[in-house]
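Student: Chains B and C: place on chain A using the hints.
Heads up: the sequence lines are chains A, B and C, in that order. The numbering of the first sequence is numbering that gives the first Met the number 0, which starts it at 0 and goes up by one. The numbering of the second sequence is numbering that gives the first Met the number 0, which starts it at 0 and goes up by one. The numbering of the third sequence is numbering that gives the first Met the number 0, which starts it at 0 and goes up by one.
For the record, the hints were derived by calculation from the structure and aren't laboratory data. Every value quoted in this text rests on a predicted model; they were computed, and no experiment measured them. A couple of the hints might just be wrong.
[Unchecked claim] Below, a sample of chain B positions facing chain C; criterion: calculated Cβ distance under 10 Å: (1) V30; (2) V141; (3) L263.
Ideal placement from N, C-alpha and C gives every residue a C-beta, glycine not left out.
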Amino acid sequence: MAANGCKGRLLSLLDYRTEKYIVAKNKTVGVLYRLIQLSIIGYIIGWVFLSKKGYQEKDEAIQSTVITKLKGVSVTNTTESGLLMWGPEDYVIPPQGEAVLFVVTNFLETPNQKLGYCAESPKVLDGLCQQDGDCEEGKLVVSGHGLMSGRCLHRDENAPGTCEIFGWCPVERKFKPQSLLTNAENVTIYIKNFIHFPKFKFSKSNILETTDVSYLKCRYDEKLHPYCPIFRLGDITARAGYNFNDMATFGGSIGIQIQWDCDLDKGYSECHPQYTFTRQDITASNTIATGFNFRHARYFKNSAGESYRSLYKFYGVRFNIMVNGKAGMFNIVPTAISVGSGLALMGVGVFLCDMILLYILKNGTAYRQRKFEGSQQTPENQSGILVL
Amino acid sequence: MAANGCKGRLLSLLDYRTEKYIVAKNKTVGVLYRLIQLSIIGYIIGWVFLSKKGYQEKDEAIQSTVITKLKGVSVTNTTESGLLMWGPEDYVIPPQGEAVLFVVTNFLETPNQKLGYCAESPKVLDGLCQQDGDCEEGKLVVSGHGLMSGRCLHRDENAPGTCEIFGWCPVERKFKPQSLLTNAENVTIYIKNFIHFPKFKFSKSNILETTDVSYLKCRYDEKLHPYCPIFRLGDITARAGYNFNDMATFGGSIGIQIQWDCDLDKGYSECHPQYTFTRQDITASNTIATGFNFRHARYFKNSAGESYRSLYKFYGVRFNIMVNGKAGMFNIVPTAISVGSGLALMGVGVFLCDMILLYILKNGTAYRQRKFEGSQQTPENQSGILVL
Amino acid sequence: MAANGCKGRLLSLLDYRTEKYIVAKNKTVGVLYRLIQLSIIGYIIGWVFLSKKGYQEKDEAIQSTVITKLKGVSVTNTTESGLLMWGPEDYVIPPQGEAVLFVVTNFLETPNQKLGYCAESPKVLDGLCQQDGDCEEGKLVVSGHGLMSGRCLHRDENAPGTCEIFGWCPVERKFKPQSLLTNAENVTIYIKNFIHFPKFKFSKSNILETTDVSYLKCRYDEKLHPYCPIFRLGDITARAGYNFNDMATFGGSIGIQIQWDCDLDKGYSECHPQYTFTRQDITASNTIATGFNFRHARYFKNSAGESYRSLYKFYGVRFNIMVNGKAGMFNIVPTAISVGSGLALMGVGVFLCDMILLYILKNGTAYRQRKFEGSQQTPENQSGILVL
Numbered sequence: 000m001a002a003n004g005c006k007g008r009l010l011s012l013l014d015y016r017t018e019k020y021i022v023a024k025n026k027t028v029g030v031l032y033r034l035i036q037l038s039i040i041g042y043i044i045g046w047v048f049l050s051k052k053g054y055q056e057k058d059e060a061i062q063s064t065v066i067t068k069l070k071g072v073s074v075t076n077t078t079e080s081g082l083l084m085w086g087p088e089d090y091v092i093p094p095q096g097e098a099v100l101f102v103v104t105n106f107l108e109t110p111n112q113k114l115g116y117c118a119e120s121p122k123v124l125d126g127l128c129q130q131d132g133d134c135e136e137g138k139l140v141v142s143g144h145g146l147m148s149g150r151c152l153h154r155d156e157n158a159p160g161t162c163e164i165f166g167w168c169p170v171e172r173k174f175k176p177q178s179l180l181t182n183a184e185n186v187t188i189y190i191k192n193f194i195h196f197p198k199f200k201f202s203k204s205n206i207l208e209t210t211d212v213s214y215l216k217c218r219y220d221e222k223l224h225p226y227c228p229i230f231r232l233g234d235i236t237a238r239a240g241y242n243f244n245d246m247a248t249f250g251g252s253i254g255i256q257i258q259w260d261c262d263l264d265k266g267y268s269e270c271h272p273q274y275t276f277t278r279q280d281i282t283a284s285n286t287i288a289t290g291f292n293f294r295h296a297r298y299f300k301n302s303a304g305e306s307y308r309s310l311y312k313f314y315g316v317r318f319n320i321m322v323n324g325k326a327g328m329f330n331i332v333p334t335a336i337s338v339g340s341g342l343a344l345m346g347v348g349v350f351l352c353d354m355i356l357l358y359i360l361k362n363g364t365a366y367r368q369r370k371f372e373g374s375q376q377t378p379e380n381q382s383g384i385l386v387l
Numbered sequence: 000m001a002a003n004g005c006k007g008r009l010l011s012l013l014d015y016r017t018e019k020y021i022v023a024k025n026k027t028v029g030v031l032y033r034l035i036q037l038s039i040i041g042y043i044i045g046w047v048f049l050s051k052k053g054y055q056e057k058d059e060a061i062q063s064t065v066i067t068k069l070k071g072v073s074v075t076n077t078t079e080s081g082l083l084m085w086g087p088e089d090y091v092i093p094p095q096g097e098a099v100l101f102v103v104t105n106f107l108e109t110p111n112q113k114l115g116y117c118a119e120s121p122k123v124l125d126g127l128c129q130q131d132g133d134c135e136e137g138k139l140v141v142s143g144h145g146l147m148s149g150r151c152l153h154r155d156e157n158a159p160g161t162c163e164i165f166g167w168c169p170v171e172r173k174f175k176p177q178s179l180l181t182n183a184e185n186v187t188i189y190i191k192n193f194i195h196f197p198k199f200k201f202s203k204s205n206i207l208e209t210t211d212v213s214y215l216k217c218r219y220d221e222k223l224h225p226y227c228p229i230f231r232l233g234d235i236t237a238r239a240g241y242n243f244n245d246m247a248t249f250g251g252s253i254g255i256q257i258q259w260d261c262d263l264d265k266g267y268s269e270c271h272p273q274y275t276f277t278r279q280d281i282t283a284s285n286t287i288a289t290g291f292n293f294r295h296a297r298y299f300k301n302s303a304g305e306s307y308r309s310l311y312k313f314y315g316v317r318f319n320i321m322v323n324g325k326a327g328m329f330n331i332v333p334t335a336i337s338v339g340s341g342l343a344l345m346g347v348g349v350f351l352c353d354m355i356l357l358y359i360l361k362n363g364t365a366y367r368q369r370k371f372e373g374s375q376q377t378p379e380n381q382s383g384i385l386v387l
Numbered sequence: 000m001a002a003n004g005c006k007g008r009l010l011s012l013l014d015y016r017t018e019k020y021i022v023a024k025n026k027t028v029g030v031l032y033r034l035i036q037l038s039i040i041g042y043i044i045g046w047v048f049l050s051k052k053g054y055q056e057k058d059e060a061i062q063s064t065v066i067t068k069l070k071g072v073s074v075t076n077t078t079e080s081g082l083l084m085w086g087p088e089d090y091v092i093p094p095q096g097e098a099v100l101f102v103v104t105n106f107l108e109t110p111n112q113k114l115g116y117c118a119e120s121p122k123v124l125d126g127l128c129q130q131d132g133d134c135e136e137g138k139l140v141v142s143g144h145g146l147m148s149g150r151c152l153h154r155d156e157n158a159p160g161t162c163e164i165f166g167w168c169p170v171e172r173k174f175k176p177q178s179l180l181t182n183a184e185n186v187t188i189y190i191k192n193f194i195h196f197p198k199f200k201f202s203k204s205n206i207l208e209t210t211d212v213s214y215l216k217c218r219y220d221e222k223l224h225p226y227c228p229i230f231r232l233g234d235i236t237a238r239a240g241y242n243f244n245d246m247a248t249f250g251g252s253i254g255i256q257i258q259w260d261c262d263l264d265k266g267y268s269e270c271h272p273q274y275t276f277t278r279q280d281i282t283a284s285n286t287i288a289t290g291f292n293f294r295h296a297r298y299f300k301n302s303a304g305e306s307y308r309s310l311y312k313f314y315g316v317r318f319n320i321m322v323n324g325k326a327g328m329f330n331i332v333p334t335a336i337s338v339g340s341g342l343a344l345m346g347v348g349v350f351l352c353d354m355i356l357l358y359i360l361k362n363g364t365a366y367r368q369r370k371f372e373g374s375q376q377t378p379e380n381q382s383g384i385l386v387l
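Chain A extracted, bound-state conformation (with noise of 0.2 Å):
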């Protein structure tokens, strides 16, 4: 007996329990839930799945390397340096082919500094005075070039003077940006990008896989050539919207950005990068962030053994490739979730769609009581307020 009890529970659990439903023949309601029925569907196929690929696990976490060679000489003429060849190795800072490299596009060159005692420059603010008790000895001067000897230096009686210091004498003159580069909007770079998403065990390079030696005389363009890593470094500035003998005077900065959207359900060849380039220095209006340069020491010794040395503050365009990207690749768990979320909207249609019927419309009370069947057929029983 105990034991049939307990087969026919067993047995009773493989019944199948579906929820009853009261029938309201009401078209307004039944067109109102047909509607966000409709537009439920609508969203989970057209928005969630089609649009934002919800169907898809998604691997933002690119891993990548940039490698960078450039190519081209430049020529300077100026007084103090003379005729000047630059290479490669000369005009790309640091040259080992970084994501982030400066191309020297002006400088000036403060030949032959040696330590000792000179005038401050005028440029200097705390280093401007009217006489000697305005340099305190042993003091470095702020914003300045080195240590006060507490003299103050004038070139004739009545001008106000300078500090004499002691630090690498000649200090840099006043710039005049005149030893631009000719050339350098010419010169070439060859941008390599190996990416690699960790999720998905994918990899790829922005250069065709390919044996023909001729690929690598491309140069990039949207058009023609969209898979040429080389780029002409004045037709990137006229991608960003500048004009590059513009920006050489002052410099200034320009991002590279590689975008990798990778659908990874349509196959490796679908992976493909794409370029955009802005300027980074200038952000909304012309404000006081814009430009871009850096002072560089090289070290020389006489005879004699005596350091002296040549400051150049180098001017030029910072080219900063930065890479992006994103890969989809069809999953279960996303999938459940987007599918899962949107029916479980349905509910909201569901408890919008009974209110009206219920509390709304003027029958309502009649189909409350065939919706709600109480254990007492009280008024009260029936009116059943927020059911959701």
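Tutor: Chains B and C only, in chain A's frame:
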């Protein structure tokens, strides 16, 4: 007739069907169910929407460019090198304004090294010897400085010796930490950071958009000048919890984190950088990984064309500017996922209350009979375990 | 009376309403429904929770600092440069311990270049000429080394000549790969990696927290010393599947990936770095993008103050240390989303079973009549297509 039937079927599609409910006038389960409903609604509104902003699409793939520029002079006075002035072109390595930069705070110079024969440093364990046989000719000293010549050099007869090597001679002597750069804590670093969120095409910079030149005469201060991009090195280490001069002798590594947490629903001006400073070469307890130094050589040639060099062991503070950020903007997909999955959780509440009502409360059998309208009313049928 | 009605309504809010079910004693649909239930529960528990850890909030925005230090000496012996010792200050470029570093394995020196007139290299196609007219005076040689002087230089009368240029002379000769740095594969790299997960305020390092000084005398080995941060270069290339000496001649690029996969629910000590090594300059087949080299110049001045330089073409292995990681910690939001959307999927199962029961099985009409309690019992009404 068939057409009529078809039309009827199509019309019946627009009938609204609503689930039939059994009202159980049981206050215990009723209160429990309302509490579950309230807590789920509270969770959806409070936690998901207000605290986690679950209605927003997030972009965490921030693109960032960092340009740094240091200002200030420093001075050293050692017996070997004499009085030396250090400008940013000397103490910042690399000089071109990268996001990872090293500021020299202490150094050891080994001037005038030439390729030749001399004794290996006694610090190198594999270079110690008792007799010539310990120094195998033509073998490199492991972790040492050169090729062994086969001779063992002794200072005096009884002392242990070191192998004679071919290398840059004389080898670096033991370090006495004395050549500290004075004033280095007063050096300022100007950080330009340009960010971009590709998903929302949103760009911003940490520099205020102003034409007021005096703005860049500020010093960063959390309360007084939170938008000032210029930092005193001594202040940076102090904010990280360390004294600059304590770090100066053996060096260290400081992380400067710029955090952008942008709610783009609130507009452009509500997206601010936040700076945090942490020491990175010390994790928990005092470990063996602290300090920071590296060696660098400057090469010279004498009038005979022979190479010689000055070897510098630089100790200093490495600054690593890391930019991190996320932006959020309202989007229908995450909103639907958050709301939908929250609502779906109500199913758990329904299941729980049903179980209590039908199987735990004492008049459960009566509720079971009313809830499950069976084909045949057998006792087994009424058990209805696990209706879910 | 009104107060009574209101109180009744409020009390009825605390009534529990449970859906009325029809029991269909149909084993086929019953078994199908239970199978669907079981597979959804299995998916939620097994896949979402155990495999994907869907109950965890993830932080993939790892912050990382990498400091590298190389140790070991290498030696070259060439006819031009003689016997040369190479320390880390020479063969590591840049020397300051970055995450991307280059180790020289082979080089070509062009010593004592001076600005002047000489023949363009015969490797430069645009520098070849038959007569003076082919060399336009004052024009830069495309992909060449200088400005054409207008003269065509011939070795002998019949051979094709090259244009005379103004540039750094003599130009680099053709490369004979011979000046390999011996012992470079025994150089060790010490990698310090400090990570931080900002969302969880969790920090760790790849160096064990120990005061045992002998710990840092180890060499990395997957099985014997998985927490050793010191790697032999030859081992790294071997783990990437390449022989160091094969790569040494023309260089290459190796990626060292440090993977942090941290389950923070398990505690601090359960968060380990994992190292993987891949060659990056070779993707699929043998492409034209392999190898790695760049040029660097060292500048000197003679006693007359004239500049001359040594041009080095460095071949070598570029190491790119990439840090990648994610951390997970229990959080209620992802748990709710995972469970909620999983449960919502059961609605799909209900829909499917309903369709089979009502429209596919032969006694579907009887079930339809019982399930849908219509206002008027017309045959059309009982069809109930698409109840969802």
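Student: Which numbered hints turn out to be false for this structure?
Tutor: Number 3 - this is the single hint that the structure violates.
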